[in-house]
Amino acid sequence: MSGTAVEIIRTKGEETETVARAVYEHPLPVRLCHWLNSISLLVLVGSGLQIFRAFPSFGAKIPQKDLLNWPKSFAIGGWLGGALQWHLTFMWIYIATGLIYLGYQLFSGNYRQVLFTPRDIPGVWPMAKHYFFFGPRPAVSEAYNPLQKHAYTTAIGLGALSVLTGLAIWKPVQFSWLAWLMGGFHWARLWHFLVMWAMLAFVLGHLVMVALHGWNNFVSMLTGWKKNPEY
Amino acid sequence: MQPEGKKPDAGEPSTGEPKAGEPNSAAPQTANPLLARSETPQPRYDDSKPDETKASEKKPIRTKPLRTKLVPASMTERKFAHVTRRELLKVAPVLALGAFVIPRFQQPLLKKGLAFSDWASGELFRRGHLAPTFADEQVTPFEKFPINGYDVDDPGVIFENWTLTVSGAVQKPGEYRLAHIQALPRMRQNTRHVCVEGWDVIGRFGGARLSDFLNMVGADTSARYLTMACADDYYESLDMATALHPQTLLCYEMYDQPLTREHGAPLRLSIPTKVGYKQAKYLTEIKVTNVLEKVGYWEDQGYSSFYGL
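So the protein sequences, as listed, match chains A and B.
Going by my numbering, the residue at position 88 of the first sequence is 88; the numbering climbs one at a time, nothing skipped.
Going by my numbering, the residue at position 283 of the second sequence is 283; the numbering climbs one at a time, nothing skipped.
Certain hints may be false.
[To be verified] Partial list, derived from the structure: chain A residues whose beta carbon lies under 10 Å from chain B:
(1) S40
(2) K61
(3) H186
(4) T223
(5) W225
These are computed hints drawn from the structure, not numbers from a lab.
By construction, the Cβ of each residue, glycine as well, lies at the ideal position given by its N, Cα and C atoms.
Using the sequences and the accompanying hints, generate a full structural model.
The structure is reproduced here in structure tokens:
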């Protein structure tokens with residue numbers, strides 16, 4: 001279970017001194033799912049944008065007014081057929097990994113580390129003020145501060161939404177009730193597109209934060225252990 | 001090494017911060033941490049209700065054996081390096097995804113992925129579930145219904161002697177004229193036409209149920225597929241379940257008018273439970289078969305074979 005802490009010691013003859021502390025933050029299933037779905041997401045966004053290039057509009061077909069000409073070089077698949085192969089393959093990896101992640105978090109109790117709850121609401125603004133407006137650094141007492149919990153919980157929600165909107169586009173007849181909830185096939189396609197952009201905004205923020213918080217923090221998503229945490 | 005802490009008490013959220021006094025606390029302690037955890041199940045007794053049972057009848061609530069690996073409160077740098085290296089190796093399976101960038105494996109893997117998707121689609125298809133239909137006001141105007149063609153300028157259809165050649169596992173193979181098809185009950189439906197490119201329009205299609213036609217020709221409906229050939233050299237195939245779906249039409253009308261040349265005259269498929277490219281135009285042959293030599297014009301280039309909506 002995450003939360004175990006150890007002291008890292010060095011012996012010099014008879015004496016031992018503590019050179020560092022370390023906390024076990026991320027259990028193996030969390031790490032595996034994180035990296036599997038980071039890669040899957042990259043492929044799904046890339047191939048999704050190539051699919052989008054086939055009809056880069058949310059308006060009528062006749063007359064067609066393209067919304068955005070996304071360059072082929074920033075897409076995966078090369079052509080619509082290829083992009084669909086990537087997309088319809090990796091979506092299964094993404095869904096399976098997501099379900100394993102959610103299942104693990106729930107049944108291990110580890111979800112408490114990441115889930116944003118009403119109790120976290122007061123802590124969000126002070127942390128945001130600190131990051132974006134040079135406010136004072138709030139005290140940190142756990143692996144994820146309220147702003148992080150908010151971001152990660154939202155990201156998980158966006159992941160689920162991208163799957164649901166995707167299902168509505170992929171099967172607007174067999175999942176007609178789901179498509180109906182979204183306003184029909186045409187709208188579901190737009191929501192799928194918008195959810196992707198929201199997810200990309202999260203990923204950008206996440207990468208910036210990872211870059212800012214140093215090597216020890218980054219490594220914790222590889223080995224599970226964070227050396228010298230702030231709490 | 002995967003340390004397992006005690007599960008947090010119900011109602012008390014685990015903050016990840018080791019509590020003082022608990023064996024895995026980082027604070028120096030006098031108790032020997034190696035004795036912190038037992039590996040045998042500790043019986044617990046339910047004290048939440050008034051004790052009405054005799055002591056001899058009380059059933060202990062057994063927790064599952066704690067599969068803990070003992071985590072000492074301290075470890076040397078060398079041990080820590082060893083532990084973290086092991087943990088890193090445990091994440092290595094993620095690299096298996098790298099197979100997708102190896103040229104030799106990429107196409108076979110993608111083909112398998114697509115095949116899995118098609119299999120799942122087949123499983124999700126329900127013969128009784130109808131595609132949504134729409135009111136006349138919601139239908140896209142005819143001039144805004146796109147014409148997608150492979151060779152629309154001259155699909156090579158000669159109307160005067162047009163027949164539909166029926167063959168394969170049917171009792172009455174042969175040439176069928178449009179009149180034969182038009183003699184069957186005519187259905188008209190406003191349904192959504194979805195193109196693989198991502199656009200969609202709502203059209204008005206009229207024709208005979210394919211299931212009625214298959215009945216008429218005595219088709220073996222336990223066969224797996226229909227294959228179609230078209231005047232413009234397009235070709236397609238259809239799974240029998242979809243062919244028998246009540247909304248699948250041998251379509252000879254659009255917007256209450258006979259099919260125009262651009263839209264596939266004199267006969268096309270209208271299949272609201274399939275993507276657009278499955279709905280072949282300029283039909284000339286239908287065969288009932290269990291064997292698929294080719295799947296379809298687009299499918300044989302790498303597109304999905306089933307593509308049910």
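Evaluation of the interface hint that places K61(A) against chain B, nearest CB under 10 Å:
holds (4 Å)
Hint check: 10 Å Cβ-Cβ cutoff, T223(A) to chain B:
holds (4 Å)
Satisfaction of the S40(A) interface hint, Cβ to chain B closer than 10 Å
holds (8 Å)
Supplied contact hint for W225(A), tested at 10 Å Cβ to chain B
holds (5 Å)
Would the hint on H186(A) be counted as holding, given a Cβ-Cβ threshold of 10 Å to chain B?
holds (6 Å)
The earlier numbered hints are all upheld by this structure, with none contradicted.
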